[in-house]
Amino acid sequence: MVQRPVTSYDVARKAQVSQSTVSRALRDDPRVVRETRDRIRAIAAEMGYVPLVTARRLVTRKSWSIAIVSRDLRNPSYPMLVDTLRDEFTRHEYRILLLGDRAEGALDRDVRALRGGIVDGVVYISPWLDSPMVSELIDWRIPLVILNRDLDGAGRASVADRVTSDNEHGGRLVAGHLLELGHRRIGLVSGPLGNAGVALREKGFRDALAEAGRPLGEALVFRGRIDPATGFEGGRALLAGPAARRPTALFCVTDYVAYGTLDAAQRLGLDVPGDVSVIGYNDLEASGWSMFDLSTVRQPLRDMAATAAKLLLARIDGAAGRPVHRNFGVELVRRGSTTAV
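Using the working numbering, you'd call the opening residue of the sequence shown number 1238 and step up by one each time.
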């Protein structure tokens, strides 16, 4: 004889609560006190209860799925963002659809498929300024939060919820730190200016140096992709000259770039920070390891992702008003890769 599946009615009867209370408890709804939520969850697990997604869709008219979209999931900062988003959404019983790093045109086709109502909302993670996806998602009236895209009113992004960090201030912090240490010949290893985060970090850095009477010389700027290879090539290009001409400090616009620059300095026989100070940006986990000991600027990535999730959930539930922009502060992290001259 086939045993029938356990239903929410069975759980409610054993827990001596209503079915609606069971549903709220399993969604971690704060309207149910913590002790009751924990007790109902334990009973549901003991009985082997699995919520029927199809039935819930019919009742709520929701898909209970959320898409996380990014063109560059290889960015070393993004796993922390995605992990935090996943934790927040699954805690509210949403399934995650992760779209990214596909062949040319494939990601666009995947995103266009979202028009069919297969997701209730989208988190779009990207610092790039030129993607048409944002405008399309807005036009389709899909609840949307843009994470890590620093536009400040440009294009269509100002009509969607956005979560960013203060990249321009971060660039100023780097310049101030190096100037305070007495550096005057300061170089920059940067990335494409189509990356809004890079552009704003560089702007803050340049502005702070200029205001201090030490404008950045273009001969001390190397630009490439945002990867260690660019850091290595930039470090080799800027540090290979005689001591009197080479910079005493380099700002790399990401820690990922800085790792390559540290390698270049070592291969050139230069001591960091004795011969050249190196500072990055992002405070990746590896930057605190003794092999790098990298001074950097920390972004509160987990807080940013958690805020993005809360904004999207409110937008899906119809509890949000006008689009908001949450801009998080950043902080300088001093380590052993920078020193006074």
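These are calculated hints, taken from the structure and not from any lab test. Any given hint could be a false lead.
Stated by the list, open to error - Dumping the calculated SDA-like pairs for lysine to any residue here, alpha-carbon to alpha-carbon at most 25 Å:
#1 LYS1440 x LEU1430
#2 LYS1547 x SER1300
#3 LYS1440 x GLU1568
#4 LYS1251 x ARG1271
#5 LYS1440 x TYR1315
#6 LYS1547 x SER1372
Hint-by-hint comparison with the structure:
The straight-line distance between the Cα atoms of LYS1440 and LEU1430 is roughly 10 Å, inside the 25 Å bound, and the hint therefore holds. Using a Cα cut-off of 25 Å, the hinted pair LYS1547 and SER1300 holds, with the two alpha carbons roughly 18 Å apart. Proximity of LYS1440 to GLU1568 is assessed by CA-CA distance (about 17 Å); at most 25 Å being required, the pair is judged to hold. With a C-alpha separation of about 18 Å, the suggested pair LYS1251 and ARG1271 falls inside the 25 Å cut-off, and the hint holds.
With a C-alpha separation of about 23 Å, the suggested pairing of LYS1440 with TYR1315 holds against the 25 Å cut-off. A distance of roughly 22 Å separates the Cα atoms of LYS1547 and SER1372; the hinted pair therefore holds under the 25 Å criterion.
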